[in-house]
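With chain A fixed as given, assemble chain B onto it according to the hints.
Chains as they are written, first to last, in this note's numbering: chain A, 1 to 249; chain B, 1 to 628.
Simulated from the structure, these hints should not be mistaken for lab results. Keep in mind the model is a prediction, meaning the values are calculated, not measured. Every residue gets a Cβ at the ideal spot worked out from N, C-alpha and C, and that includes glycine. Check the hints yourself; a few may be wrong.
Listed next, the in silico DMTMM-like pairs over lysine to aspartate or glutamate satisfying Cα-Cα at most 20 Å (straight line) [said to hold, decoys possible]:
| hint | chain 1 | residue 1 | chain 2 | residue 2 |
| --- | --- | --- | --- | --- |
| 1 | A | Lys113 | A | Glu170 |
| 2 | B | Lys151 | A | Glu22 |
| 3 | B | Lys525 | A | Glu22 |
| 4 | B | Lys525 | A | Asp13 |
| 5 | A | Lys120 | B | Asp181 |
| 6 | B | Lys385 | B | Glu88 |
| 7 | B | Lys525 | A | Glu96 |
| 8 | B | Lys588 | B | Asp605 |
| 9 | B | Lys525 | B | Asp181 |
| 10 | A | Lys195 | B | Asp150 |
Just a sample of chain B residues kept apart from chain A, beta carbon distances all over 12 Å, derived [what the hints assert, rightly or not]:
| hint | residue |
| --- | --- |
| 11 | Ile63 |
| 12 | Arg99 |
| 13 | Gly110 |
| 14 | Lys155 |
| 15 | Glu157 |
| 16 | Ser213 |
| 17 | Leu242 |
| 18 | Arg260 |
| 19 | Glu278 |
| 20 | Gly350 |
| 21 | Gly427 |
| 22 | Asp454 |
| 23 | Gln488 |
| 24 | Ile618 |
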Amino acid sequence: MTQEIQFRIKRQDSPDASSYWEEFRMPYAPAHNVVSALMYLREHPVNAQGQKVQPVAWECNCMEEVCGACTMIVNGVPKQACAALIDDLEQPIVLEPLSKFPVMRDLQIDRQKMFDALLKVKAWIEIGGGHDIHRHAPLISPDEQDVRYHFSRCMTCGCCMEACPQFHQESKFIGPAPLAQVRLHNSHPTGVYNKTERLHAIMEEGGLTDCGNAQNCVKVCPKDIPLTTAIGELGRQTTAQWFRDLFSK
Amino acid sequence: MADKPNVIVVGGGLGGLWATLRVVEGGFPVDLFSLFPVKRSHSCCAQGGINAVLDVKGEGDTIWEHVIDTIKGGDYLADQPPIKTMCEEAPGVIRTYDRMGVTFSRTPEGIMDQRLFGGVKKRRTAFAGATTGQQLLYTIDEQVRRLESDKELNKYEGWEFLSVVLDDAGQCRGIAAMNLDTMEVKTFRADAVILATGGLGLIWGRSTMSTNSTGAAASRVFQQGCRFANGEFAQFHPTAMLGHDKLRLMSEACRGEGGRIWVPKDVGDKRQPSAIPETERFYFLEEWYPTYGNTVPRDVASRAICRAVRHMGMGVGGQNMVYLDLSHQPRKFLEQRLGGILEMYQTFSGEDPYTGPMKVYPAMHYSMGGLYVGYEKDAKSGGMKLGSAKNHATSIPGLWACGECDSAYHGANRLGANSLLSASFSGRVAGEAVVTYLKGLPKARPAIPAAPFDQEKARQEALNQAILKSDGKENPFALHRELGEIMQEKVFVERNNKELDEALEGIRKLRDRFNQITLDDSGTKVNQSLSWARQIHDMIVLAEVITKGARLRDECRGSHYKAEFEIKCPEGKFAGSPEYEAYRERWKASNEKWLKTTVASHSADGPTIEYAPIDISIFPPEAPRDYR
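Only chain A is shown next, with the shape it has when bound in the complex:
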């Protein structure tokens, strides 16, 4: 068993600064994950050369792989750092910020683009207001609910976006995660009323047809969301919509 944990961390002091690598070592203890190790390092901000340095910045919150905050590239793979156990990782453990989003500092990134995309595709159910109307939603079968639950667990973490070759800072492609939310809301018994608007939003430039079908997204999703299945279904939905649009002109 190793006596220490070794890190190689890609650092960047501010959004405009250039990045650099820094190495860290800390004492080994069982059951550490990447975030708990980073917590140790921020209390003891000394690099492997023994120099005192500024603590590494990163984002975390739930520590249970449900909030998506601590997503980073761990040994080359985008994932939640809280669920990346040190004992499972080859050392030195290499940490990098997601490369498809602006870096704010070190491992902290700005994923606003993903939330903007949710706005663009109207990823919600239209209701008349948050007051009680003494009625439930229409019935939903357990099977359909099961499928919907898979899609609704998307944490907007960005793993799929990182893995997608078509999504990057210069591209217009909205990426797999927002597309899956179109699939989710189009399948709701009242969400379907706004299906056309959502489909139109992904039939524009940067929409569905920009998907290169690399299928990387589905491999890295921490929640096993069937992203490629969703994209396939949306392909059929947009084709049908295209014909509807053609004949309603």
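Relative to chain A, chain B alone:
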């Protein structure tokens, strides 16, 4: 000042998002502040479900039973009118969530399913797989995004609330906040402010809460004069898995599905747990509570674990941990019943709970106490008058609070699956209260001078500079660890006055040591050490409120337990027997003294504590809680 009054909501969990929704729907614009994108709020961690009487199982469940279960669950310490109204409105809250598209688990006929939860007899808990909180949060987040698309709402995500701006009359006129990317301090004007800033688990160092649940925001307004109630009431969950970073909740369902709690009889036993024979294991819950065994209620289980570990020194390997063992159950059964939970244990511990026991210990889980909020009683119904501007108003005019950061509904202990309900409902109520308040404002409002804003900005910048320039030897992260150790050792499941006095002394020392703080970070962008240092200061302040409240309250009530003051129920005796009646009289006499709300106010020398009466008009306490 703009013609249309505007509102600031701080916090984007269930409470803050519901409040935002209702304010915007009421016709007023909202600026929503959050430390991070609201979709990442701690509400997403709630697993079990949300209570509402829908009676989908045909068990004859009634709202009255939900009211009583909540009142008794809280050991009578909560004001009852708001509980009554919350339980009455709960089915409507669930129906609204359903319309919003929450992926509630369904019965074969496609209606919402409900399941059983602790402390109740009827299936009343609606759920969405094993991530109900996440599903509710995402859905209300979507609804708020719908409003954002209509431009009624500005989000300030990545901003930290620092303080409220008070005018000369003490009225809240806005907030000061810090941009966590640029560290810039700015003030923002508002006609009303709603705080929905969540729990304070990090005061115990590690808890089942998210790493941002520090209570700092509540502490900041407390230090500005807002009253804080029932701080001493914190719920400890008996079985959380240990972690360097967090204590992750292992659901009560583990014990419900046959999980057994044990420690090796020989403390020095170095063998793998699976190699320790039955006869050399101490199943202390089964031995001490033969009737319920491992399924005793949360507080009883927590106390028993502490007794075995702290009093008897029998923790596994001499440490603060016991075994929670499911490995005797068939793998298939466990996969079906507890799959998701055991998967989480495996993910985060790297150990296989199917073949060996899990290591667990009680952990701080929920704060019943919080900012002291009021309500208007409806004389006709006896409940809370919905729509009143007094509902969820704090003691600072113009400031409301909702969600876990408030003190309402749960009294001395929270019923399982009532927290998602209270977070949602209180957010709705606070939003509606603010709408009423704004509609009542005079048309021509006097302009608010700039002075209070300039002063507050300067004060906050000076605080930042003081910390950045401080050149002592105290590390803010180490101070937090020490605070956690004090709270974990002395303000925990079992309390006694000697240890509470020691804790108070320790906390005051930390307060002094904070003045010797030094930051390792001089960065001008994303300086997380600065933000953290400010939070640790505010956590220390609230820790003193919590501990002092606990020190003064000489009784056992709900989650607050002091063995010295326990009034024991005579075994095997029930109402009518002389022994039970004598017990009931002692209990009533104690209520005379202690059935009151602890209300803390800030002073430079530490918190001052007063007590306020409780409205027990719905279900006056006639008999102690009895889960026999």
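Structure-inconsistent hints, enumerated in ascending order:
Hints 2, 5, 8, 12, 13, 14, 15, 16, 17, 20 and 21 are the ones this structure does not satisfy, whereas the remaining hints hold.
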